[in-house]
Amino acid sequence: MLSPGSGSTVIKSKLIGRRIFLLTAAKAVVMVGLVGRLISLQINQATKYKSLSDKNRFREWKLAPERGVIRDFFDQELASNEPLYQVHLVPENSNNLNQLFVRLKGILDISDKKISYLKRLINKQKPWEPVIVSDNLNWADFSRINLFLHELDGVEPIVSVARTYPDNSSAHILGYVSQISAKDLKTKKYLKDLSVPGMTVGKTGLERKLDEKIIGKVGFQRYEVNAFGKRIKEIQINKGQSGISFKTTLDYEVQKYTNELLKDKAAAVCVMDIYNGDIVSLVSAPTFQPNAFVHGLDKDYWNSLIKDGKKPLTNKVMSGLYPPGSTIKTLVALSALENGIIKTSDTFRCKGKIELYGEKFHCWEKKGHGIVNLRKGIQRSCDVYFYEVARKLGVDRLSVTAKKFGLGKQVLSDFVEERSGVVPNTKWKKKFIGQNWYIGETLHSGIGQGYFQSTPIQLCLMTAQIANGGFEIKPRIIYDKSNNNLREYINYKNENPNDPLPTDLLVKNFNLKPLFENKNHIKIIKDAMFSSSNEPGGTSYRHRIENPKFTFAGKTGSSQIKRFTEAQREAEVKQIDLNYKDRDHALFIAFAPYKDPKYAISVVVEHGGSGGSAAAPIAKKIIKKVIERHDLRKEISYAEGDSI
Amino acid sequence: MLKPRSIQSSLGFRDKIFSFDYILVFSILILGIISMFAMYSTDGGEFKYHTNSHILRFFIFFCLFLLVSFIQIRFWHNQSYLIYFLFFFLLLGVKYFGLTSSGSRRWLDLYFMNLQPSELMKVGLILFLAKYYHRVSIENMNSIRYLFVPIIALIAPIILVSTQPDLGTSILIASGGIVVAWLAGVRIKFFAYSALLFTATLPIAISFLKPYQKSRILNFFKSRKRSSRCWLSNYPI
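Chains as they are written, first to last, in this note's numbering: chain A, 1 to 644; chain B, 1001 to 1237.
There may be inaccurate statements among the hints.
As the list claims (entries may be wrong) - To give a feel for the contact side, a few chain B residues facing chain A, derived at Cβ under 8 Å:
no.: 1; residue: Tyr1132
no.: 2; residue: Leu1183
no.: 3; residue: Ala1184
no.: 4; residue: Gly1185
Simulated from the structure, these hints should not be mistaken for laboratory data. Each residue gets a CB set at the ideal place from its N, CA and C atoms; glycine is no exception.
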């Protein structure tokens, strides 16, 4: 059996040989195919599969950067950061979302409303984009989540940082931060690469103005993950860059003090250094809780804010528009002097009212002020005197002076909420109202009523520029060491008291821009303001401070909300008897100390009645506080290498 | 490589060494080393259980492979029927006494190791068919009479293995057997007929498959547009 016919064996081995050859050829073809495919996968498409496998292998988690800190002049933190415990959920890492939510509900206190909101959000987003389940957990809840983490696929406990404000005193000037909205992403270019869950942006105030610099750079953590997306090893961490911190010119102590004074009022206060324009205090009342905005606002709180007639969300210092009232009389008198319309000795007789062009114009003093000159006109705030001056001056010349001193334009730059107000003139009325100017409107403008609209910060700047001798200053709220030329001038004057420099030389040497033609005119106005506050009969005489260290010179004002009827005038109706909404706004501007002025202040109390009774007492207290803290402020300035 | 070697030739020890298929030996050696690196990599870059056990087994079985190749070819020729039936009984044993793991029963517990007889059957069937066709004369090769034994010898182990279930190994056993039959000189038309028959019974055969087996086959034919997250799970590891 083992050896069949030899012929047959030969044929058989020939057949087998042929077929083995074919088989080998087939194997070779398969081999070539395999090797070719390997080359194609490993070499030709190497980058594609490398990135695919890296995508499988690595997962990145973005980290929200810390916002820069905002400090006051004394390095107190006005806006800082605190650690925050959050729970995020990555939908694609969870097998059963419904089950997960049920489980989460058992661990955390989440409402059904929140869950349905989250589900809608998950449907809208990409499956790998995390949603925030709970954005501000206490430590107990956070540790409980961590305990149950092994059964919560897709849930990620996150330790983050959040904005926090020590109190509400500076809420308006600092503004607040809140979650990035769709509109923010569209309008603010710098947010393009910054979309990290839990990231907040500045919505108003300094937070908004400084947002681009204060927000920082986003970091990331890169992890190697296994096939189930579980983190195995940290590969790389980039903590991002926290935002730039800013030092402001504000004084936190004064902010708190002012805020306390304005409690229960709708009011605005601005305090400014008259030489370098540093804003020492900027408070709007009533205030709100900026901390409430950081973690998504409570609906009830929001409703209470927007329904409040005192408008707590408005920064009244920069966006509140008020007729300047009698405070404008300082500029009316200055303008008239500069234009040579009147002399200080010119007098008018005030009988309580005058009749012009068939219309009656009343003075606030029904009995009249008798014979009034410029000094007495400002001291007593005689309306009749200023009707006469305004009539002679004309509104166009008044508007030139008013604009020079800072009315009608924004004081600080880059605050979305700041408004520019209105300085009316004939052209303005033609353009915006489409009518000719009536002479009667000039008289109203002369006492700061009518079309005039100004913000408290503008009034403060106006006062500061009168107080410093009539030189232009550029108000600032962010501190920088750059020396102010006005300071150089003062230093020069102190070192060379007997060297009277003419104005044009001042301009050349110190780059100062005088706002006056004749230096004496400014002095006259300052002296008149002194008499208004410190001499018997002055409108704010009752609230004077006799200690020369604190003595201030000011001007009261009240801006009319509703015109008095003749009947009311006859009945001598008092402001306090009117409805709150009908009462006048009370205004007061001042600078102090009179002998060596350092600070200017403006106070507006909405519906406060008269400036002398409602605004001046507040100003008095703040002036005292600010001047008491002047030496401390000076020390800091010296330490910073700034001359004062 | 393709030196036809008569079954009668009996080489001495020296000749054996010289006539070694060194390409095969080195290919296996290289494959073993590469897979050692693969194991080392899956162990996370350390010498852990998988790497160590791979090295141990590879060493033992590589030595065994060299040892076996020194056995005279006549021995294999004489014992091939016996070997086939021994392996077949082992397969039967698996069916009744086998170890079950991951839903399939493929192993025999030998206490010091787990034996998978279906792997042995790959060789067993080839030995069986080689001896059988060696004895059939070229004239009778394509007569229907001589087709029955090979077909039964082929189908019996395939049924046993594919019901373990182990589709992959049963396909390998089948292809080994078919190639031997073809090499021996069975005409192409028989293969064509049986391929046709197989295709015709395919719809029925598929209904016996488990769902995961179906999806495995479907995935093989589908284009590779799978979601990137779960593509690993389509392959048995």
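Any hints this thing doesn't respect? Which numbers, in order?
1
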